[in-house]
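First to last, the sequence lines map onto chains A and B. Start counting at 1 in the first sequence, then tack on 32, and there's your number in the working numbering. Start counting at 1 in the second sequence, then tack on 32, and there's your number in the working numbering.
Do not take every clue at face value.
Copies of the same chain are indistinguishable here, so a pair counts whether it falls within one copy or spans any two.
Straight-line Cα separation of at most 30 Å, DSS-like style, residue types lysine-lysine; simulated pairs [stated by the list, open to error]:
| no. | residue 1 | residue 2 |
| --- | --- | --- |
| 1 | K218 | K396 |
| 2 | K377 | K218 |
| 3 | K255 | K377 |
| 4 | K482 | K218 |
| 5 | K82 | K570 |
| 6 | K570 | K55 |
None of these hints come from the bench; they were simulated from the model.
Number of protein chains: 2
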Amino acid sequence: MADASDRGPVDFRTEPATYKHWKLAFDGPVATLAMDVREDGGLRPGYELKLNSYDLGVDIELYDAVQRLRFEHPEVGAVVVTSGKERVFCAGANIRMLSQSAHGWKVNFCKFTNETRNAIEEATGESRQTWLCAVTGSCAGGGYELALATDWIIMADDGTTAVSLPEVPLLAVLPGTGGLTRLVDKRRVRRDRADFFCTTEEGVKGRRAVEWGLVDEVVPRSKLDEIVRQRAREFAARTDRPAGARGIPLTPLERTIAGDRVAYRHVACAIDRQRGLAEITVQAPSEVPPADLAGIHAQGSRFWPLALARELDDLILHLRTNEDEIGVWVFETAGSADLVEAYDKLLAAHRNDWLAREIRLYLKRTLKRLDVSSRSVFALIEPGSCFAGTLLELALAADRSYMLDGTRPGDARPPATLRLTELNFGAYPMVNGLTRLAARFLAEPARVDKLRARAGEDLDARAAAEAGLVTFTPDDIDWDDEVRLALEERAAFSPDALTGMEASLRFGGPETIESKIFARLSAWQNWIFQRPNAVGAKGALVVYGTGQRSDFDRRRA
Amino acid sequence: MADASDRGPVDFRTEPATYKHWKLAFDGPVATLAMDVREDGGLRPGYELKLNSYDLGVDIELYDAVQRLRFEHPEVGAVVVTSGKERVFCAGANIRMLSQSAHGWKVNFCKFTNETRNAIEEATGESRQTWLCAVTGSCAGGGYELALATDWIIMADDGTTAVSLPEVPLLAVLPGTGGLTRLVDKRRVRRDRADFFCTTEEGVKGRRAVEWGLVDEVVPRSKLDEIVRQRAREFAARTDRPAGARGIPLTPLERTIAGDRVAYRHVACAIDRQRGLAEITVQAPSEVPPADLAGIHAQGSRFWPLALARELDDLILHLRTNEDEIGVWVFETAGSADLVEAYDKLLAAHRNDWLAREIRLYLKRTLKRLDVSSRSVFALIEPGSCFAGTLLELALAADRSYMLDGTRPGDARPPATLRLTELNFGAYPMVNGLTRLAARFLAEPARVDKLRARAGEDLDARAAAEAGLVTFTPDDIDWDDEVRLALEERAAFSPDALTGMEASLRFGGPETIESKIFARLSAWQNWIFQRPNAVGAKGALVVYGTGQRSDFDRRRA
């Protein structure tokens, strides 16, 4: 079965010039992203990507397009998703690929595709780059889920075009990319209609699709292009993105993988296979930030916060997909907290600039990716570290943090400190809409306000512990044993139990569509992905397309 | 492996005189419920209930006690949960029982235990019967989760008493009875402390337990009884329950099971094994309600709404536990909508009476049980039916409803109608806190207000469809085929996929602690209950107590 190890690592880095499956076109403020999947272009051998079905490789390109549209095209205010095939919009995730995949691969694939669809919604909501969708031909399963991630779905009224979520009746699994949640929570389709829709292979077309809220308009095929163009221009006209600005090219991300070390410019990762952990060190910027906005734009993808976001993002994806036996990620930082704070201040000062906004949102998405990763996250805070502002979020995202109280004999560096900046108080909400500080202090919301007054202050171990920002503060006598034991113990627990526990403890408080997708929907889907009715020898996912019939165990659990 | 079929049906009916595992004592406004599990009193053979560990049988008695305390003891304003054993509070769910059980049994067991703990919280919040907990000795796993369901936890400070959730480190499963959710969402324990706590076998005791919010107070063993008595009296003093009222005995529930028919006084169920469905018919009351409160009290458990709640509750539990291959529940009603409405009006008029409140809350809990049942629920609305008010909730709880438009040839009865009553607008919230009407009209909240003005009106099929209250309204020509096909199709789908789909579509909108328990927590737990690391030949749940070590697959999914 396909998994991370058997065919070399997956690389998430790509660029439009090498896309196999998507075509990007630009017409002033409107971009069009056409899905045109190459049947023989699967990431792994063993399946053909027929009918615009997709695998991880297709979705990696989609993810790249979402990113580049935001950074490289400030002039774009609307993005139309459409199909490059004549008779099909998209058949969803490739079934053969899914049925061949190991459990972990399925789960990781769904997580990544979900994150990309969430990013599409964020582009609409926060980057003011509104996504819409023009549906012609069959739009099934993951195809419709992609449409659901856009803010306006226009469907051809041609007697054959239909939207559907046929997973339950055809494959005995759930629509795994947010479909069920978006039906009832985003589009607020009446639950009994959603029930009917999700059990109807052929889906719904025409007027009923609009009446039920499954799409926003149906139009004759002959008028489709014109109306899509018109809507796209209307949406684009509402943007606050600067039509005349120059985009920031996302230059190729430099990365070296040598043995068990992954290195970028500001982020390095050392994998300890025996201990089952990855030690991730984030370097502070090495120089003062540019003086003004023009300087940020001039630095472009070299600007430290943007470079950091890209490197951390790539590393998280790499570790998730290619290093699934490394269960514990240990974050450390090194460098000047003053410089980290200076960059935070610059981002905060220019928060209304389109690029500064994009950089903040990218950091936000990357930190969210960390929160929903099925890995234990620890932070080690030691002399020489710089857990300030944006980098402090890494410690706040951690399941647990250890901060050395004092110094070590022979180490002349001052004791470690933490520093809050303005960006800890709203810039980086989690999937549940809360800042990590608010999530931490659910019991005492007033603490967050008090901490706000202390932004900029250096908090040593005692102050950080009193402020509730760290878990434990051993001194140098206890540190080695305490930290070593905690890491060893963590690596020895059941990976599955940890995943369920972490997913439950990380998201106290309110829920959003995103948090519901990663909780209720994904957890149920993961369960179903383990059930014989789906993945057993006669499971629906396995026999699909073979002409064999599934023979379900009829017991309800 | 233990499942529903191999040892005869489970009976949920019990009464204090036959309890094996709990001792109920009364002291004016304070009741004490002592857990004193009989080691040899397991519901199934093959395990011993050591250290106050529990199985479904123990929890059935707890459930019964929760019910009777509310109905039979209006004078009780506080309930103390304590242990009848000297050195242990409760070791949680019995591990050997769990490891012997089939997957479905585990899942169903956890669901029932969760519902009972939710009912304990509802008793505190809505019946004004405050539960508190006196912890002496080890209080581990499900033991601590029981404590967490109470509103005040007092722990002995004696050097050995501790609370713990050792499931992850010991058993590679999650605390399955709400523990993780209640830690971060109810008690708002800081997530990193919760992380540490949930991975620490020995748990936390003394001051730290209070500082971290795991318990509310620790007191010397010598003062424990006195302080518990004092707190209980304080809580009891705040109740609005009438100290001088007479309780309502919950008389033995009459039920006959003959072949595939289960019959109560007002509820009947016919099981069609071939089609995999249960046809459940609820009868309207046969006579006018009593004229006043005194009449309700005089009728006691014969009062139709209370009898209905008890019968429906028992039937749902019976079908869930003993008929797991019956995947579709079809609800029908018969009788006079006028009489149903009259009873609803009576309950609404006396909403502040303790008994009327209890009856409404019992109906609320029963309907919630229906919502979280892993069965497809259909409602068939035909001539002669009485889907009014409380009974209309059954149709609103259904995944789908069919209402016959018009009459059938040869049937002189008038066409079916629906009728809203005041009780549809707030009496019966779902686990997510929404009424079923509000959940139905998430997209158009104003519709609910408009419908309120139409309470009491008879809505025929066309009006009901226009109002959005039913899914489909076939006429007599289409009815048979449409309904038959829908039921056949439903019964043919994968039970697992349906369970995940229904759990996802039923609960749009906000989330509460309860809804999070049934979504995030239970879904993850169900997943883990399928994973080899927990239940494989060398899974932690299987080898526990054998001296063998688990050999985990280290891949994170």
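We went through each hint and held it up to the structure:
1. K218 to K396: Both: 21 Å inside a chain and 27 Å across chains, each within 30 Å.
2. K377 to K218: Cα proximity of K377 and K218: none, with 35 Å in one copy and 36 Å across.
3. K255 to K377: Answer is neither: 50 Å inside a copy and 55 Å across each miss the 30 Å cutoff.
4. K482 to K218: between (35 Å within a copy, 23 Å between copies)
5. K82 to K570: Result: close within a single copy only, 23 Å intra versus 41 Å inter.
6. K570 to K55: neither (38 Å within a copy, 50 Å between copies)
Going down the numbered hints, you'll see the structure goes against 2, 3 and 6, while the others check out.
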